[in-house]
Amino acid sequence: MATGWQIFISFLKIGAMLFGGGYAMLPLLEREVVNRRAWCGQEEMTDFYAMAQLVPGVIAVNTAMLIGHRLRGFFGTLMATLGVVCVPFLIILAYGIVFDTIADHSVLNRAMAGLRPAVAGMMLGTAWTLFRRTGQTRLGVSVIIAVLAASLLFKINAVALILAGVVGGILWWLITCRRLKGGDAA
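Letter 162 of the sequence shown, counting from 1, is numbered 162 in the numbering used here, and no numbers are missing.
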């Protein structure tokens, strides 16, 4: 069982690498939580990603909260959240203090421009990993094709697609439960 300190330190390391937003940290989170610590499996991690997107807020914080809660309840949630936001908070605070003096500095602008392709690559890697996991069933492939078509061809808003996914998931679950219940009675 993970201690509060272990949860905090693990998420502190992840939070220190949050360049480019929450999606960029997903590979780091997976490496730490699934591969290194074995606090959950690949499938459960994918579920955490999905659940983290359903609620308002930063996906990194939401995912950390879910994992922390799974590990140690409220205390785990608190430690994971503090860990993942600690370094970014301190960096933003420091940046805010010295913003006026470094805003136009060419070295900083070049460094930030250099981070963009790395973040894009990490996000692409995350998308590929989720695609490989989801695309293992006919249902997964069907959902991927439907969402891509809805998003790219019909320009349907991502929020609407997420809400449709929630409704579809609930309906799928209800249908599955009904089939299982009907199978038990037969």
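There's no promise every hint is true.
What the hints assert, rightly or not - Per label pair, the in silico range of CB-to-CB distance: (1) R31 <-> C86: 15 to 23 Å; (2) A103 <-> S142: 43 to 51 Å; (3) T176 <-> F99: 18 to 26 Å; (4) F89 <-> P56: 17 to 25 Å; (5) Q136 <-> P56: 26 to 34 Å; (6) L130 <-> I175: 36 to 44 Å; (7) T137 <-> F75: 24 to 32 Å; (8) P117 <-> R31: 30 to 38 Å; (9) A103 <-> F75: 35 to 43 Å; (10) I97 <-> Q136: 44 to 52 Å; (11) M1 <-> V167: 33 to 41 Å.
The hints are simulated quantities; they were obtained by calculation from the structure and are not laboratory data.
Beta carbons are placed, not taken as given, at the ideal position from N, Cα and C, and that holds for glycine.
Quiz item: Okay, M1 versus V167 on CB: inside 33 to 41 Å?
Solution: 36 Å, holds
Quiz item: Honestly, do A103 and S142 meet the 43 to 51 Å range at C-beta?
Solution: About 48 Å separates the Cβ atoms of A103 and S142, which means 43 to 51 Å holds.
Practice problem: Starting from the range 36 to 44 Å, see whether the pair L130 and I175 falls in it by beta-carbon distance. | Solution: With Cβ atoms ~24 Å apart, the hint is violated.
Quiz item: Does 17 to 25 Å hold as the CB distance between F89 and P56, or does it fail?
Solution: 19 Å, holds
Quiz prompt | CB-CB spacing for Q136 and I97 relative to the 44 to 52 Å hint | solution = 49 Å, holds
Quiz item: Do the Cβ positions of Q136 and P56 conform to the proposed distance bound of 26 to 34 Å?
Solution: Holds: the Cβ-Cβ distance is about 30 Å, inside 26 to 34 Å.
Quiz item: Range hint 30 to 38 Å: satisfied by the CB atoms of P117 and R31?
Solution: 20 Å, violated
Exercise. Starting from the hint 18 to 26 Å, judge whether the C-beta atoms of T176 and F99 obey it.
Key: 53 Å, violated
Exercise. Just tell me: holds or violated, for the beta carbon distance of A103 and F75 against 35 to 43 Å?
Key: 40 Å, holds
Self-check item: C-beta pair T137, F75: status relative to the range 24 to 32 Å that was hinted
Solution: 37 Å, violated
Quiz item: Between R31 and C86, does the beta-carbon spacing fit 15 to 23 Å?
Solution: Check passed, 19 Å falls within 15 to 23 Å.
Against the hints set out earlier in the document, violations occur for numbers 3, 6, 7 and 8.
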